[in-house]
Amino acid sequence: MEEPIIEISDLSFKYPQQKREALSHLDLTVTSGEWVAVIGHNGSGKSTLAKLVDGLLVPETGTVKIAGVSLTSETLWDIRKNIGMVFQNPDNQFVGANVEEDVAFGLENQGVPREQMIERVRSALESVGMWDFAQHEPARLSGGQKQRVALAGVIALRPKIIIMDEATSMLDPEGRKEIIQLIKNLNQKNGFTVISITHDIEEASLAERVVVIDDGVLVQNDKPENVFQRGAALIESGLDIPFSEKLKNEIKNYGIEVPQEYLTEKGMVDWLCQFISKK
Amino acid sequence: MSIHFEKVNYIYQAGTPFEHQALKNVTVSIPKGSYTAIIGHTGSGKSTLLQHLNGLLKPSSGHVTVADKEITSTTKNKELGELRKHVGIVFQFPEAQLFEETVVKDIAFAPKNFGKTQEEAEKIAIEMADLVGLPDNILNGSPFELSGGQMRRVAIAGILAMKPDVLVLDEPTAGLDPKGRLEMMQMFEKLHQRQQLTIVLVTHQMDDVANYASHTIVLEKGEVIAAAPPKEVFKNPQWLLEHHLALPKATKFAYELQKTGKFSFDKMPLTEKDLAAAIANSLKRGGN
Chain Y
1 MEEPIIEISD
11 LSFKYPQQKR
21 EALSHLDLTV
31 TSGEWVAVIG
41 HNGSGKSTLA
51 KLVDGLLVPE
61 TGTVKIAGVS
71 LTSETLWDIR
81 KNIGMVFQNP
91 DNQFVGANVE
101 EDVAFGLENQ
111 GVPREQMIER
121 VRSALESVGM
131 WDFAQHEPAR
141 LSGGQKQRVA
151 LAGVIALRPK
161 IIIMDEATSM
171 LDPEGRKEII
181 QLIKNLNQKN
191 GFTVISITHD
201 IEEASLAERV
211 VVIDDGVLVQ
221 NDKPENVFQR
231 GAALIESGLD
241 IPFSEKLKNE
251 IKNYGIEVPQ
261 EYLTEKGMVD
271 WLCQFISKK
Chain G
1 MSIHFEKVNY
11 IYQAGTPFEH
21 QALKNVTVSI
31 PKGSYTAIIG
41 HTGSGKSTLL
51 QHLNGLLKPS
61 SGHVTVADKE
71 ITSTTKNKEL
81 GELRKHVGIV
91 FQFPEAQLFE
101 ETVVKDIAFA
111 PKNFGKTQEE
121 AEKIAIEMAD
131 LVGLPDNILN
141 GSPFELSGGQ
151 MRRVAIAGIL
161 AMKPDVLVLD
171 EPTAGLDPKG
181 RLEMMQMFEK
191 LHQRQQLTIV
201 LVTHQMDDVA
211 NYASHTIVLE
221 KGEVIAAAPP
231 KEVFKNPQWL
241 LEHHLALPKA
251 TKFAYELQKT
261 GKFSFDKMPL
271 TEKDLAAAIA
281 NSLKRGGN
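Listed in order, the protein sequences are those of chains Y and G. Mapping of the first sequence onto full-length UniProt numbering: position 235 corresponds to residue 235, and the numbering continues sequentially without gaps. Mapping of the second sequence onto full-length UniProt numbering: position 64 corresponds to residue 64, and the numbering continues sequentially without gaps.
Pulled out of the complex, with its shape left as it was, chain Y reads as follows (with noise of 0.2 Å):
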């Protein structure tokens, strides 16, 4: 049996001296162990329900519970230790002066005993592949390796459920593939809950849920497959149209009838193969 690790009910917040509700009466559950991407345009809201998960903000009504505890002011110490984040600019978040301080910070605040966070810091690191980095400066790293340096330094803390904050959004395109592959990792090995709020098409594509937030308010919350069919729409949503959709929008202008259906690329590529055998 499956447990939900997030259940947000009527979930409502408005930031001082704005009219409008930054998020309005969201309901969400997330299953133990899922991978669920969060998209939208820019303040659409997405940030706002993070920050509240986390109880870096307190909501207007509604309520959050996090491994069936309710978020309050007395739980949020407890609360917080189920919740590592990774936000967008890896440079603004480091603290240690190597690779190897920096992850165990976290650790140290934590008050973990020096035996168990030697031991804790180099799996994290492994386990993104930046143990032979350990003695490094962090700020004279890649992108890429910033953001698995940042990764680790939450995965010390063993928490259940990752929220990466567009954390692939300043990489280059080798770097995003990276983290992408690393989070792929982390959720199908080592079972943790990821929230990726993003706006990439490829990380979105490989969560088992997306759920579509549109100026606070959800919009959809179904398979990849199915939100992609939004198609020339989604760019409203923050995210871009998927290859195989663009390009049946082209062909389509050639008077070609093509499947209404979202395709993935190779999908795609058998399609086209199956139309021009039947000629």
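I should point out that these hints are in silico values taken from the structure, not numbers from a laboratory. Don't take every hint at face value.
What the hints assert, rightly or not - Which bits of chain G does chain Y cover? Going by a derived footprint, with three or more residues having C-beta under 8 Å, they are:
1. 171 to 179
2. 214 to 223
3. 258 to 271
Said to hold, decoys possible - Far from chain G by the CB rule (all over 12 Å, computed), these chain Y residues:
4. Arg20
5. Glu21
6. Glu34
7. Leu57
8. Thr72
9. Ser127
10. Asp132
11. Ser169
12. Thr198
13. Arg209
14. Gln274
Small disclaimer: the values here were computed from a predicted structure and weren't measured. A virtual CB, placed ideally from N, CA and C, is assigned to each residue, including glycine.
Given the coordinates of chain Y, work out where chain G should sit on it, guided by the hints.
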């Protein structure tokens, strides 16, 4: 205004244990009026090359010619003032350089510095804001209350206010969402077409190279390994693979189709439009 590099070498921290040669015997031209893309891995020398375009770095040996001005290792900084009006460089995350109280003042800073009166400079600022698509109602507000994409436009308008002939862009869309990215790229295309600006784009996005560039320079470990139009550079997937470079999505898809043996393309398409045209053509003609 064309730019030419002749046997340029650049060495960081020469004569120290940290000595590192970032450019090796680079001889290459950026044609006047072109939209030139510079591609290559992190550490391939893109940024070093870029900083030679307006004399922020001077060659350790060899020379760079920009608008009849020759820059060598001995060129004095005060000789470079004029040149810097011709070549505007937009660095990565340029919004980090904003500092003024209002959008107009920020954009007007450079023309004022280059000797325009307050009034003239503000007039230029308003024109430039319009050129980069900033709405009028934000011009007298703080640049720091704008969205990331708009802040970046303000910073770019500040560079354009110097009225450069060459606009150099170092990964100008990094960190923007897909819609912001598209709008930003369309804006540069417009500047290229309407203002006849020469554009130099440093990018990792091969689709942008395919969609916008007329010329490509490929760098690897400080050396130029190719300088040709995109369709030449993307012609040989094996070569690209060897040099760890990606193909534009449409080209990659076309190769996948070709592998099935049911499609063949005389010219490899670079963009979705070209690809769709080629596919439609094959479908109508029937299979191989």
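We went through each hint and held it up to the structure:
1. For the stretch 171 to 179 of chain G, the proposed coverage by chain Y is satisfied: 5 residues have a C-beta within less than 8 Å of a C-beta in that chain, meeting the threshold of three.
2. Given as covered by chain Y, the stretch 214 to 223 of chain G fails the check, having 0 residues with a CB less than 8 Å from a CB of that chain where 3 are the minimum.
3. Restraint check on the stretch 258 to 271 of chain G versus chain Y: 3 residues with Cβ-Cβ distances below 8 Å, three needed, restraint holds.
4. The beta carbon of Arg20(Y) is kept farther than 12 Å from every beta carbon of chain G, the shortest such distance being approximately 15 Å.
5. Every CB of chain G lies more than 12 Å from the CB of Glu21(Y), the least distance being 19 Å, so the non-interface label holds.
6. Its beta-carbon lying about 24 Å from the closest one in chain G, Glu34(Y) satisfies the requirement of being farther than 12 Å from that chain.
7. At the 12 Å boundary, the C-beta of Leu57(Y) stays outside the reach of chain G, the nearest C-beta of that chain being 20 Å off.
8. Once the 12 Å rule is applied to beta carbons, Thr72(Y) is consistent with being away from chain G; the minimum gap is 33 Å.
9. Separation of Ser127(Y) from chain G is adequate, the least Cβ-Cβ distance of about 24 Å exceeding the 12 Å criterion.
10. No Cβ of chain G comes within 12 Å of the Cβ of Asp132(Y); the nearest lies about 18 Å off, and the non-interface call holds.
11. A cut-off of 12 Å between C-beta atoms contradicts the statement that Ser169(Y) is not in contact with chain G; the least separation is 6 Å.
12. With 12 Å as the threshold on Cβ separation, the claim that Thr198(Y) sits away from chain G is violated: the shortest Cβ distance comes to roughly 10 Å.
13. Here Arg209(Y) stays apart from chain G, with its beta-carbon at least about 20 Å from theirs, past the 12 Å limit.
14. The claim that Gln274(Y) lies off the interface is violated: its Cβ sits roughly 9 Å from the closest Cβ of chain G, which falls inside the 12 Å cut-off.
In terms of the numbered hints stated before, the structure departs from hints 2, 11, 12, 14, listed from lowest to highest.
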